[in-house]
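Residue numbers (our numbering), protein chains in the order written: chain D, 1 to 236; chain F, 237 to 490; chain G, 491 to 1147.
Hints should not be assumed to be uniformly reliable.
In silico lysine to any residue, SDA-like type, Cα no more than 20 Å apart, as pairs [stated by the list, open to error]:
hint : chain 1 : residue 1 : chain 2 : residue 2
1    : F       : Lys411    : D       : Leu149
2    : G       : Lys520    : G       : Gln1045
3    : D       : Lys4      : F       : Gln437
4    : G       : Lys1018   : G       : Ala980
Distance ranges between label pairs, derived from CB positions [said to hold, decoys possible]:
hint : chain 1 : residue 1 : chain 2 : residue 2 : range
5    : G       : Lys840    : F       : Asn267    : 21 to 27 Å
6    : D       : Val173    : F       : Pro430    : 19 to 25 Å
7    : G       : Glu882    : F       : Lys252    : 44 to 50 Å
8    : D       : Lys203    : F       : Leu486    : 50 to 56 Å
Okay, the calculated bits of chain F under chain G, using three or more residues with CB under 8 Å as the criterion [what the hints assert, rightly or not]:
hint : stretch
9    : 280 to 286
10   : 402 to 416
Since the hints were derived computationally from the structure, they do not count as laboratory data.
Quick caveat: nothing in here was measured; it's all calculated off a predicted structure.
By construction, the Cβ of each residue, glycine as well, lies at the ideal position given by its N, Cα and C atoms.
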Amino acid sequence: MTWKQMFTSSIGKKLVMGLTGIFLITFLIVHVGINACVFADLPVFNRDDNGEMFNKAAHFMGSTVLIRIMEIGLFAGIILHIVQGYLLTLQNQKSRGVAYNKPMGNNGSKWYSRSMGLLGTLILLFLILHLAHFWVPARFTHVGLDPVLYNNVLMHDMFQLMKITFSELWIVVLYVLGCFSLFWHLMHGFQSAFRSLGISNKKHLSLLNCIGNGFSVIVSLLFALIPIAMYLQWVG
Amino acid sequence: MEHKNINLKLKVWRQKNSNDNGTFETYDAKNISTEMSFLEMFDVLNEDLIKEGKDPIAFDHDCREGICGMCSMYIDGRPHGPWTANTTCQLHMRAFNEGDTVVVEPWRAKAFPVIKDLMVDRSAFDRIIQAGGYVSVNTGNAVDGNSLPIEKDKADASFAAAMCIGCGACVAACKNSSAMLFTSAKVSHLALLPQGEPERQTRVLNMVAQMDKEGFGACTNTGACEAVCPKEISISNIARMNSEYLSASLNSEK
Amino acid sequence: MLNSKIPSGPLDSKWKNYKSTCKLVNPANKRKLEVIVVGTGLAGASAAASLGELGYKVKAFCFQDSPRRAHSIAAQGGINAAKNYQNDGDSVYRLFYDTIKGGDYRAREGNVHRLAEVSGNIIDHCVAQGVPFAREYGGLLSNRSFGGTQVQRTFYAAGQTGQQLLIGAYQSLERQISLGNVEMFNRHEMLDVVIIDGKARGIICRNLVTGELERHFGHSVLLCTGGYGNVFYLSTNAMGSNVTAAWKAHKKGAYFANPCFTQIHPTCIPVSGDHQSKLTLMSESLRNDGRIWVPKNQGDNRKPNEIPEEERDYYLERRYPAFGNLVPRDVASRAAKERCDAGYGVGSSKQAVYLDYAAAIQRYGKIEAGKKGLVHADAATITALGKEVVKEKYGNLFDMYEKITGENPYEIPMRIYPAVHYTMGGLWVDYELMTSIPGLYCLGEANFSDHGANRLGASALMQGLADGYFVIPYTIGNYLSDEIRTSAIATDHPAFAEAESKVRDRIHMLMNIKGTKTVESFHKRLGKIMWDKCGMARNAEGLKQAIKEIQQLKQEFWSDVKIPGSINEMNPELDKANRVADFIELGELMCIDALNREESCGGHFREEFQTEEGEALRNDDQFMYVSAWELKNEHEWTLHREDLNYEVVKPSQRSYK
């Protein structure tokens, strides 16, 4: 069994999907953790934070070499996940041949389990928008980014950029929809990734299911709350 | 049990042979006793068709006890029809109501080409077993049956996987037409037993390779296979096969 | 003169001696010898696999879409073996003795002893193949008891023993296919044996997908094609089970032995209407815990649960206190028929008796409550616990019953009635399993050899696998060792051409009748004649009438059958017509055999020959023989007798009281 044979087999491809999926899940933890810093500005915490905590965290991420290297890995992971996902979906669709006149529908499986390709595509579209909004200015163009000084270090005011971006209702709506797609994608993807890695013990699987469901809810909700909170000016 | 007679409309896939394009035909099934099995209803319909000088509907069936795995209809959007843990031959007309229209299709998968009407060619399953779904022991080699104690839980789990009847409902139900539930059931059956140990790695590698070669899709863990399996084979067998496969391919030195 | 070729010497060393002295074929020659195996059930798959392992070039044929579908798969209860793991006094001799006695002294001692001897090897081999037999917590194999025996020697895998054993054999077969030792032909039906210079040299078969006829050569041919219970139309056999292969061999000169010995299984789900296409068996193991009864009053229309205990007649326990509900199948079936005929039957058809689990549920419930230390458990708890246990043991059977009848057997007693299940008769074979045609062998249910006039539960699987794994690999060598100089015969040999053209003619003839009645309708009519007049009870007058009716039916069939479709395509109706035509001829022979055998024994019950208590009355003086029938002309057979010599067992009136 050569490496090539392994990774081009149906199980190997699933493995790639699962591994990149889990990698992206860990990225989501970091991402949501940093983004959640904007909530430091909530009145209950510190009305005067004004994005300081978030901006510092963002600056740390942008200025640390190791993380910048990992960012490359992240993009590689995303691209692999996307390309492999599309190839698999295409191949799987072809293996049916003639379609059923009366599809099974939800008779035995969940709609979101069957719609990973569609949900993934929605997330991809969202991702393009999202990168254009924040990642491109932060890394390259610096358009719309004011400098801000914390502890004598000059940083980009990403918080300000978010406030401006999320003052538009349609953008907020798109972001919430993006989070919604992410939620359903994770609902299936989280536990499915572990199955693909070979976790078969029923006790472990049901635990993973619980964690997966909790994770999907918390992460998607936190992400969705950020544009909403900014639009409604709970923060900033 | 109270029984009554009902009238149904049947929309059935007709296809003369594998080269034909095929189409749906509609038939009236009149005065059907709810005590009948679904296939007995087809028997009655076929008798009528023959008397009318038409070609009867071809379908696979044999034991009609839910164990041979030969019957294979996709009934009203579900392999083997609306009952769970059931085969078409054991589906009884009690499951339907007066005036229902029932759509009957063959298993749909590229790896299961239609032979005629509702019959499909499932020899791909045999080839997957040929690739390694056995213990290589020649007749006459065995030691005493009790010289190999097997933990009851493991024996039971192995039996639960070995119950697979090879009907192909898992493939028919899967949106990817994946044969992983079938393949994993055999991999699990043998991997859970000490007898299967010597060939454990080659078995899973070869069976998966054959499965891929046959043109089945890849599993995306939707669970549809498990939901329609007449023997309720658990989808966790697929996860077990994944782990067997990964450890086998990592351990192989080639 | 029939030569059964039973080796001389003491009973327990016949097989040992045979094995040590039979001729062998060296490995290089095995590669040149071709063997055809028709049928891939337990006997066929195990034979094809074992012969492939030995190095023979094997071609295997089955009419189903895969060898794994063969009807052996439906056997539920288990497989006997004289392992004595339970320390309850079992031995090879006892298994041998039980089988001979269960068969009502109409089986060969030599064959049955060999069967008992290899029974243990079967279990060992199946375990090695990975058959997941039921096990105890200590990890060792578990046993259950079965009808007609007083020891626990039945190995099982829940209610799916046949499935697991067949899958084991199927896997071995598939392995040989992948190694190139066996070539497999699915969806092929054998339609004739080719005989060259008096020896079986090949077959003609029809590719059921394309309708083409094919010729296949073999140095010898093995028929492992199962029983002919479907001659009764309604039976527990699979829809496709048929006698065609065996019948074609019979027409080519192979003797058909004891055709009237059919087994009626006592615990099947009763017929629900005219539409019925087959009957479903409820495993005999249900009689371990269930109690069989009918109301004490005739025509009692109350619901079963409303009939008080004192008004129930547990007739098996009453008549056979020693074995109770576990009497052999023939006895249990006749007792049920006797009660129903006397007007005590239950259900809407009145052709059923109750199989009641209420007592077992209570018994198990109390044991469970005791285990759990629930001293004062109330009735509901005990019932619930009891149901759990019953579910664990018989859950799949109860589910099946509920699916078919719509009734919940945990609450309402099951209704059961006897149904045709197994045929002890079949092609006559000698000790080596060779039929009266040299080079043509017959294994498993298709032959007549080991069960006499009645088969004990869990013995069919044992026999099929014994024949395939442990007998034929030795005996075929004894024949093929003389064939090593015979090179493969080309299939353009005139004998092949002639056989094929006869098959072709017959198919054309069938298709050209273009009559008005469907194949199914003839089959139903045949079934009714057979069941009414050659079923559980037979008498001379009825049998004579049946013979006439069958002859008429045959004539009508060949002048008025309607077969749709064409020849060169998949045509299940044509396949069925071919089979039914053979069943009709077989039916006649069965009645002739039943008429000839003026005694009652095992599954053959002649009303004229019974004891005062209504038990079967054998006539050992006149009928201690195997009836082997040779076909002479249409409707004309010659009887060859093979006398049965009991050297060890002394035949006695079978008693289970």
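Taking the hints in turn, this is what the structure says about them:
1. F:Lys411 / D:Leu149: violated, 55 Å
2. G:Lys520 / G:Gln1045: Since the Cα atoms of Lys520 of chain G and Gln1045 of chain G sit roughly 47 Å apart, the hinted pair is violated (cutoff 20 Å).
3. D:Lys4 / F:Gln437: This hinted pair holds, its Cα atoms lying about 17 Å apart.
4. G:Lys1018 / G:Ala980: violated, 45 Å
5. G:Lys840 / F:Asn267: 21 to 27 Å: At 24 Å between Cβs, range holds.
6. D:Val173 / F:Pro430: 19 to 25 Å: violated, 59 Å
7. G:Glu882 / F:Lys252: 44 to 50 Å: holds, 49 Å
8. D:Lys203 / F:Leu486: 50 to 56 Å: violated, 25 Å
9. 280 to 286: n = 4 at 8 Å, threshold three: holds.
10. 402 to 416: Per the Cβ count (1), the hint is violated.
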